[in-house]
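Residue numbers (this note's numbering), protein chains in the order written: chain W, 1 to 81; chain A, 1 to 81; chain E, 1 to 143; chain V, 1 to 143.
Hints in this document: simulated from the structure, not taken from any laboratory. Hints may contain errors.
[Claimed, not checked] Pairs of lysine-lysine residues, derived as DSS-like cross-links and limited to a Cα-Cα distance of at most 25 Å, are as follows:
| # | chain 1 | residue 1 | chain 2 | residue 2 |
| --- | --- | --- | --- | --- |
| 1 | V | Lys-64 | V | Lys-90 |
| 2 | V | Lys-68 | E | Lys-130 |
| 3 | E | Lys-27 | A | Lys-57 |
| 4 | E | Lys-27 | V | Lys-30 |
| 5 | W | Lys-57 | V | Lys-90 |
| 6 | V | Lys-30 | V | Lys-90 |
| 7 | E | Lys-27 | E | Lys-90 |
| 8 | E | Lys-30 | E | Lys-122 |
| 9 | E | Lys-90 | E | Lys-30 |
| 10 | V | Lys-27 | V | Lys-90 |
| 11 | E | Lys-90 | V | Lys-30 |
| 12 | V | Lys-122 | E | Lys-30 |
| 13 | V | Lys-27 | W | Lys-57 |
| 14 | V | Lys-90 | E | Lys-130 |
| 15 | E | Lys-30 | V | Lys-64 |
| 16 | E | Lys-30 | E | Lys-64 |
| 17 | W | Lys-57 | V | Lys-30 |
| 18 | V | Lys-130 | E | Lys-27 |
| 19 | E | Lys-30 | V | Lys-68 |
| 20 | A | Lys-57 | E | Lys-122 |
| 21 | V | Lys-27 | E | Lys-90 |
| 22 | E | Lys-64 | A | Lys-57 |
| 23 | E | Lys-122 | V | Lys-30 |
This one's a predicted model, so the numbers in the text were calculated from it and none came from an experiment.
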Amino acid sequence: MAITVRFFASLRERMGCEQVVLDSQDIGTVAAAWERVAGDEALPANLLMAVNMEYAKADSVVRDGDEVAFFPPVTGGGHAC
Amino acid sequence: MAITVRFFASLRERMGCEQVVLDSQDIGTVAAAWERVAGDEALPANLLMAVNMEYAKADSVVRDGDEVAFFPPVTGGGHAC
Amino acid sequence: MLVEVRGGSFDPWRELADFQRRMTGEKRGKYGATSIFVGTMRDFNQGNDVRTMLLEHYPQMTEKHLHKIAIEAVARWDLRDVLIIHRVGKIAPDETIVLVAAWAAHRAAAFEAARYLIDELKLRAPFWKKECLPQGERWVSSE
Amino acid sequence: MLVEVRGGSFDPWRELADFQRRMTGEKRGKYGATSIFVGTMRDFNQGNDVRTMLLEHYPQMTEKHLHKIAIEAVARWDLRDVLIIHRVGKIAPDETIVLVAAWAAHRAAAFEAARYLIDELKLRAPFWKKECLPQGERWVSSE
Numbered sequence: 001m002a003i004t005v006r007f008f009a010s011l012r013e014r015m016g017c018e019q020v021v022l023d024s025q026d027i028g029t030v031a032a033a034w035e036r037v038a039g040d041e042a043l044p045a046n047l048l049m050a051v052n053m054e055y056a057k058a059d060s061v062v063r064d065g066d067e068v069a070f071f072p073p074v075t076g077g078g079h080a081c
Numbered sequence: 001m002a003i004t005v006r007f008f009a010s011l012r013e014r015m016g017c018e019q020v021v022l023d024s025q026d027i028g029t030v031a032a033a034w035e036r037v038a039g040d041e042a043l044p045a046n047l048l049m050a051v052n053m054e055y056a057k058a059d060s061v062v063r064d065g066d067e068v069a070f071f072p073p074v075t076g077g078g079h080a081c
Numbered sequence: 001m002l003v004e005v006r007g008g009s010f011d012p013w014r015e016l017a018d019f020q021r022r023m024t025g026e027k028r029g030k031y032g033a034t035s036i037f038v039g040t041m042r043d044f045n046q047g048n049d050v051r052t053m054l055l056e057h058y059p060q061m062t063e064k065h066l067h068k069i070a071i072e073a074v075a076r077w078d079l080r081d082v083l084i085i086h087r088v089g090k091i092a093p094d095e096t097i098v099l100v101a102a103w104a105a106h107r108a109a110a111f112e113a114a115r116y117l118i119d120e121l122k123l124r125a126p127f128w129k130k131e132c133l134p135q136g137e138r139w140v141s142s143e
Numbered sequence: 001m002l003v004e005v006r007g008g009s010f011d012p013w014r015e016l017a018d019f020q021r022r023m024t025g026e027k028r029g030k031y032g033a034t035s036i037f038v039g040t041m042r043d044f045n046q047g048n049d050v051r052t053m054l055l056e057h058y059p060q061m062t063e064k065h066l067h068k069i070a071i072e073a074v075a076r077w078d079l080r081d082v083l084i085i086h087r088v089g090k091i092a093p094d095e096t097i098v099l100v101a102a103w104a105a106h107r108a109a110a111f112e113a114a115r116y117l118i119d120e121l122k123l124r125a126p127f128w129k130k131e132c133l134p135q136g137e138r139w140v141s142s143e
């Protein structure tokens, strides 16, 4: 099994890719998944996280087959409304 | 000159007419106009009054040529919304 | 700005489309937020079936006060535009009674202004409703 | 209830007309109050001219959270119905970005529910906007 890590919006552009598939061994939390994909870069304070499309926190558990996502604050709705 | 007194909605039905034209002599206030059209009947507490299409009070001044109106509380807008 | 009392039925969505299409070049692209309220005739009220409703008004006084309310809202919330259409006469269930709309740069202003328009209309505009029930007619009293 | 993410442009008034026409007999005549909010693409933001906007989203997660928000609103305000349509992809000034609507028996519920729908959408639905300005592109940050 594996864990899929996805990036959106400005983070996607900065990471230079849409997703990374990680071997799930040794990955226990969202923070650990971030470390695997970002190396030395600390988890940005305002970054949002989701596990299987539900909002999650840095210490949320990640299991085999899960989809983890990182993205900047959301800006839906009307244009600056 | 004269003063026109108009009635609306349930009050119009109760008065049995839409309007009465009064000789303006001796009429100084809205209350006095009511007395002239309603006789002994006291001015109902929740009745609304207007002079020249602006909301008025019982002691508002009425002058020659004015249009005075009496009507029940308004019920515009959506249906019971 | 459009403030109108209508004797016949109207389609609120078509009115909105037409009104927005007529907005001048100056206004186009300048509003981010539109809040709309539509009041519709129901087929029940206070536990009774309602077949039709008769909406009476005080011609000219109605228009005068609707205009005042619209101008107050524009001044208070810096709106791009305002629309008020209110029906009078005989109305059937499912027909639109009132449409108000406020165009603003931001949603808080749009929502607050639309709420103000309908709340003030209900308080100050001289309209009266008479319901036709199976058991007869009755005037609707304000709560 | 209709919750949709749209890839192409849409006319909010036509959507409302179509949605209301499709309401079942059970709902027809049962709502007195509809509150609607429409968010429109502006041609300016933070002092800059904006030519086009690119709206990105997280497919499936978006729909999931919009549904949740709609269901929360229905439960909290006893709504007759709810509609949410949100645009994604490339958007031009004057085009509709979002449409939300709430049908209720009374206006307070309709207004509060529509406000809840758009406020929660902005907080929780995974959408991101990128503006194309004459001087280049920029991601819109939430205030």
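Hints not upheld, ascending by number: 2, 3, 4, 5, 6, 7, 8, 9, 10, 13, 14, 15, 16, 17 and 19
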